[in-house]
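Participant: Chains as they are written, first to last, in this note's numbering: chain A, 1 to 363; chain B, 1 to 282.
Be aware that a few hints might be false.
What the hints assert, rightly or not - With the C-beta cut set under 7 Å, the calculated list includes, among others, these residues of chain A facing chain B:
no., residue
1, 89
2, 94
3, 116
What the hints assert, rightly or not - Label-pair distances were calculated between CB atoms; the ranges are:
no., chain 1, residue 1, chain 2, residue 2, range
4, B, 110, A, 32, 38 to 44 Å
5, A, 25, B, 275, 48 to 54 Å
6, A, 74, B, 187, 28 to 34 Å
Please keep in mind that the hints were generated in silico from the structure rather than gathered at the bench.
Where is the CB? At the ideal position from N, CA and C, for every residue including glycine.
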Amino acid sequence: MNAITPIEAGVSVALGAPIDVTIENVQKAFGDTPALHGVSLDVKAGELVALLGPSGSGKTTLLRILAGLDAPTAGRVLFGGDDALGLSVQQRNVGFVFQHYALFRHMTVFQNIAFGLTVRPRGERPPKAEIRKRVLHLLDLVQLTGLDKRYPSQLSGGQRQRVALARALAIEPRVLLLDEPFGALDAQVRKDLRRWLREIHDRTGHTTFFVTHDQEEALELADRVVVMSKGRIEQVGTPDEIYDAPASPFVFEFIGESSFLPVTVVDGAVQLDGQSLDLAALGSPHGEATLGFRPHDVSIVEDGGPAITGTIVTERRHGGARRLELEVGTEKHRVEIDMPVDHSRAPGGQVTFRPHRWRLFPR
Amino acid sequence: MAATTIATVRKSSVIPGFGLALGVTLTYLSLIVLIPLALLFWRSASGGPEEFIRISTDPRTIAALRLSFTTSFIAALVNLVFGMILAWILVRYEFPGRRLIDAVIDLPFALPTAVAGIALTTLYAPNGWIGAWLQPFGIRIAYSQTGIIIALIFIGLPFVVRSVQPVLEDLNREVEEVAATLGANRRQTVRRVVMPALMPALLTGFALAFARAVGEYGSVIFIAGNSPYKTEIAPLLIVIKLEEFSYSGATTIAVLMLIASFLVLLAIHLIQSWSRRRYGDV
Chain A
1 MNAITPIEAG VSVALGAPID VTIENVQKAF GDTPALHGVS LDVKAGELVA
51 LLGPSGSGKT TLLRILAGLD APTAGRVLFG GDDALGLSVQ QRNVGFVFQH
101 YALFRHMTVF QNIAFGLTVR PRGERPPKAE IRKRVLHLLD LVQLTGLDKR
151 YPSQLSGGQR QRVALARALA IEPRVLLLDE PFGALDAQVR KDLRRWLREI
201 HDRTGHTTFF VTHDQEEALE LADRVVVMSK GRIEQVGTPD EIYDAPASPF
251 VFEFIGESSF LPVTVVDGAV QLDGQSLDLA ALGSPHGEAT LGFRPHDVSI
301 VEDGGPAITG TIVTERRHGG ARRLELEVGT EKHRVEIDMP VDHSRAPGGQ
351 VTFRPHRWRL FPR
Chain B
1 MAATTIATVR KSSVIPGFGL ALGVTLTYLS LIVLIPLALL FWRSASGGPE
51 EFIRISTDPR TIAALRLSFT TSFIAALVNL VFGMILAWIL VRYEFPGRRL
101 IDAVIDLPFA LPTAVAGIAL TTLYAPNGWI GAWLQPFGIR IAYSQTGIII
151 ALIFIGLPFV VRSVQPVLED LNREVEEVAA TLGANRRQTV RRVVMPALMP
201 ALLTGFALAF ARAVGEYGSV IFIAGNSPYK TEIAPLLIVI KLEEFSYSGA
251 TTIAVLMLIA SFLVLLAIHL IQSWSRRRYG DV
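Taking the hints into account, I'd like the entire structure generated from these sequences.
Facilitator: What follows is the structure, encoded as structure tokens:
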């Protein structure tokens, strides 16, 4: 595998202006099984948007509807203000990249990339020399210069995925759609390609959607992240908003690591088993709520002040910290907290802590 | 070179028993295929070169061989087209009776070919159900070369279907979808994406159907009419020679058939290995 180097200046792709994409109340059912319940989303021209969710959340279905590979049961999709659902897949002019590359294995790399241009009707087809120029240019862009005569079987996974991307870019798509583009690659290649895709995007400026179930990938790569679950959008926001201000327990749990405790909000203060925790809950409604916090956002309390006390169940090394699994309260809820590595505690002992960052979700 | 390779395989392979397996294979092949074929060549040469040349240049022999190979080729071509369509329908569509059709495909394998020949003759004879309809238009199927081709199509039907079917099932739908997003219409996708992927399987099916048709005897003799120079196939001529106790005549024709078949199959095999080397496995 040849290493992926930063893209050289001067390599660029001729493009139309990027377009806005509007998704209005799109619904999809396969038979009686609903896959999308009324999804709406506005994406600005040139944005790189991640559709993030567990499998079965409807993210791939949404991507396929944008491409025209599936038709929604109801709703509207607008490309640059114009209805896109009336257009066939062929007319829609989108670049689609599959997780398993879907390269034409009987064609060379060159023929693969040129495919979208060579199938155009005679009147719109660029002359041979022009096609050749454009393909070689794209090969430079995806850093596969000189591999044009290879067959897909002679390439590594990362190289194949770059050919797939070049092939999608060759038709000068209005929108770029990537379905788990790095899902089949190993961790190191995935990281390289991630950084590289961001560079390509910054250079070409396509409005881009990519589907992933890897939250790290979504947060690192996307301008905005769309978190989906069970056919609905849970939250749309920048990576910071998604990570720091999750809108629901689902998002909190899906993004990053998390612990939850059932608590009660009484007069703007959080109580656990009737004991105040000294956590201000300003603006939270009175009553039952779920307290969520990240394992690394806790402080150990040794001054006897109001805090959460738990019994240590297990203790293990977790990266730069020591992670404790605790049983808390009369209901023995399991939570995880991180402690400095030099604080070794034996299972069975007691730990008192207080989250210094947390979220309250009314129940 | 070959010896070292074998030795290395034997020593380091985690799959043991190479020597034994090779020995069994060679013995088995020798007993079933190689020795009988060698005997065939030996018998055909027993009459001397003049006899061999006389029989192989006999117009009746040439006519029979030409008939056998052309009808087999046409039948295999027809099976190629319709077998491909059948496989496509069976794999790509859900419809009531699909499994039944799937099962029916194998019937020509199971049926004694003489039964097939009699059934086809009954249908296509000038007084048969279908033959009676065609008679007024001057179309004769039974007792003509068309009849031979129909019988050969019947017995060769399963081969193309069964070799294409699994490949079509494995063919990634995403490849077709990606072609569509790139602007290819359905016709372009089938021609430039699907067909090349199916080509090796189609060739295999064609080769098998062709080979089977060349050797077919039972079904053809009922429908062919068997008149010398016109509708007499080579396998029938071999039987006729045997009935005349002309063993060298029979074996000579057999050897000629064998060589011709071998060349055709070898050519198909070479095309296949060329395409496999080129496309590789992704």
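Participant: So which of those numbered hints doesn't the model satisfy?
Facilitator: Violated hints: none at all, because every hint is consistent with the structure.
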